[in-house]
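J.: Read off the chains here:
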Amino acid sequence: MLNISDIMQTLDMIDHQHLDIRTITMGISLNDCADPDIDACSRKIYDKISRRAENLVKVGSEIENEYGIPIINKRISVTPIAQVAAACEDGNYCVIGTALDKAAKNCGVNFIGGFSALVHKGFTDSDLRLINAIPETLSQTELVCSSVNVATTKAGINMDAVALMGRIVKQTGESAAKLVIFSNAVEDNPFMAGAFHGAGEPECVINVGVSGPGVVYKALQEVKGKSFDIVAETVKRTAFRITRMGQLVAQVASEKLRVPFGVVDLSLAPTPAVGDSVARILEEMGLETCGTHGTTAALALLNDAVKKGGVMASGHVGGLSGAFIPVSEDEGMIESVRKGVLNIEKLEAMTCVCSVGLDMIAVPGETSPETIAAIIADEAAIGVINNKTTAVRLIAAPGKSAGDTVEFGGLLGSAPVMRVNNVSCKKFIERGGRIPAPIHSLRN
Amino acid sequence: MKAIMTVTAADRVGIIASVCTLLASMDVNILDINQTVMQGIFTMTLLVDTSTSSHNFDEIKSALIQRGENESLVIHIQRADIFDAMHRV
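Read top to bottom, the protein sequences are chains A and B.
Each residue of the first sequence is one higher than the last, beginning at 15 in the numbering used here.
Each residue of the second sequence is one higher than the last, beginning at -7 in the numbering used here.
The reader is advised that the hints may include incorrect statements.
Stated by the list, open to error - Keeping only pairs whose Cα atoms sit at most 20 angstroms apart, straight-line, the calculated DMTMM-like set for lysine to aspartate or glutamate is:
#: 1; chain 1: A; residue 1: 250; chain 2: A; residue 2: 236
#: 2; chain 1: A; residue 1: 72; chain 2: B; residue 2: 50
#: 3; chain 1: A; residue 1: 440; chain 2: A; residue 2: 174
#: 4; chain 1: A; residue 1: 270; chain 2: B; residue 2: 73
As the list claims (entries may be wrong) - Per label pair, the in silico range of CB-to-CB distance:
#: 5; chain 1: B; residue 1: 43; chain 2: A; residue 2: 51; range: 36 to 46 angstroms
#: 6; chain 1: A; residue 1: 243; chain 2: B; residue 2: 23; range: 32 to 42 angstroms
#: 7; chain 1: B; residue 1: 33; chain 2: A; residue 2: 109; range: 40 to 50 angstroms
#: 8; chain 1: B; residue 1: 58; chain 2: A; residue 2: 50; range: 18 to 28 angstroms
#: 9; chain 1: B; residue 1: 58; chain 2: A; residue 2: 239; range: 40 to 50 angstroms
#: 10; chain 1: B; residue 1: 79; chain 2: A; residue 2: 50; range: 48 to 58 angstroms
#: 11; chain 1: B; residue 1: 21; chain 2: A; residue 2: 17; range: 19 to 29 angstroms
#: 12; chain 1: A; residue 1: 243; chain 2: B; residue 2: 27; range: 33 to 43 angstroms
#: 13; chain 1: A; residue 1: 65; chain 2: B; residue 2: 79; range: 30 to 40 angstroms
#: 14; chain 1: B; residue 1: 19; chain 2: A; residue 2: 302; range: 55 to 65 angstroms
Treat the hints as calculated values from the structure; they're not laboratory data.
Cβ atoms here follow ideal geometry from the backbone N, Cα and C, with glycine treated the same way.
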């Protein structure tokens, strides 16, 4: 039989260190729902999602019960709506957003992602209709998440889209917690708010996102003062175990739902709960407070070791895979911001080595659309030049100024409003056009 | 289905008897058993086969949890695959 201490270690991870499966996300293609009539299109979308994801929550709960491992979220990602709705002759895309929301509620999932457009090289008419419908859709729906890809390493940065998204983020207000602006978006990401079902994906697929900052934190507490060689090795071993569990759950879910398995996303995704923080892992490496000098190096080590440990544990690795640094969803990050140690400039540096980008950051409501756009442009440039996914999920909190707090509730947490540099970048953003793809995009 | 059961509690007489009698009453077969007392804490792990039982997994699990609550025992039961996945390459 298994070693008693191995068994107890696993139980301890689940009971006391927040080890869980963060999400089982079902990707569903909606390409066959296109229709010239927007109401017919919405009906087809609602029917297809309700049919495909009928058993998702039930199967998720069965796995939780049998395996004793909590599965925090069950979610759905769909084909970017700008593609599906392109055939609609007229009508407001908000109607489709409402259908998505209704379908998600009907299936009992936590979120549905894919109110999205990919505009890294330019807009179709449908892309523009979708983007302009984002503020209304996100404020009128509860579970719909939206994303817009504005740049890729192959295409460069669409600065017209960047400028537009600056205005859209501002108009969306607090609901922008459900809006992600990507560079190099991935097609199989199971995490929200940025999940969508990409063009190269099958009809229906199961992707799983694992988590476990608490487990890594506990493991590092046992190697206090040891060299970085040992720190890296410890993170790798822990990530391996976490991912094996994710792979098992992904396989079981795929069999039970009779839907092919896509990828396991090896992510350290924090929650606002104490003991489930990425910032605390960095501090355990020897930093007094996350955000001080050394934080970027610590995060680089963590991100790399998580991937190295996880990659051997799973048949197919994908999504965003790495350490997330969302401010509002991480108790340690929030405290660092409150102490004045972590600021937006340091977070930007950290995004060069983390899995995604500037995530769940609240800025003063008076921040100009151009400044928001310029923050998006900086982040997109980091992604494009470094050939990695970056994202911006920024909330210009109406009526709030630096130092105030915005409450999003649930898994989204609460965010301290952070100071931004208000020196004008208006003329820079007004230029428009495209920033060309970097030289290393020419790999052929 | 093979499952791993763990029982932890303050040590006293009759814990094994109580748990095993309950398992026997539901026709759950015990394949392996491992027990120790660490610093006064009774810790037992069992490998059980639930396929011999006419009860389904949910019923067995809730009967065990109920027994645990009545007798101040912390009982977990979950499919064995998860431990294999995490601890064996």
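J.: Now tell me, hint by hint, if it's right for this structure.
T.: Results for each hint:
no. : hint                              : verdict
1   : A/250 to A/236                    : holds (14 angstroms)
2   : A/72 to B/50                      : holds (14 angstroms)
3   : A/440 to A/174                    : holds (13 angstroms)
4   : A/270 to B/73                     : holds (16 angstroms)
5   : B/43 to A/51: 36 to 46 angstroms  : violated (53 angstroms)
6   : A/243 to B/23: 32 to 42 angstroms : holds (41 angstroms)
7   : B/33 to A/109: 40 to 50 angstroms : violated (60 angstroms)
8   : B/58 to A/50: 18 to 28 angstroms  : violated (58 angstroms)
9   : B/58 to A/239: 40 to 50 angstroms : holds (46 angstroms)
10  : B/79 to A/50: 48 to 58 angstroms  : holds (56 angstroms)
11  : B/21 to A/17: 19 to 29 angstroms  : holds (22 angstroms)
12  : A/243 to B/27: 33 to 43 angstroms : holds (38 angstroms)
13  : A/65 to B/79: 30 to 40 angstroms  : holds (39 angstroms)
14  : B/19 to A/302: 55 to 65 angstroms : holds (58 angstroms)
Violated hints, listed in ascending order, are 5, 7 and 8; each of the other numbered hints is respected by the structure.
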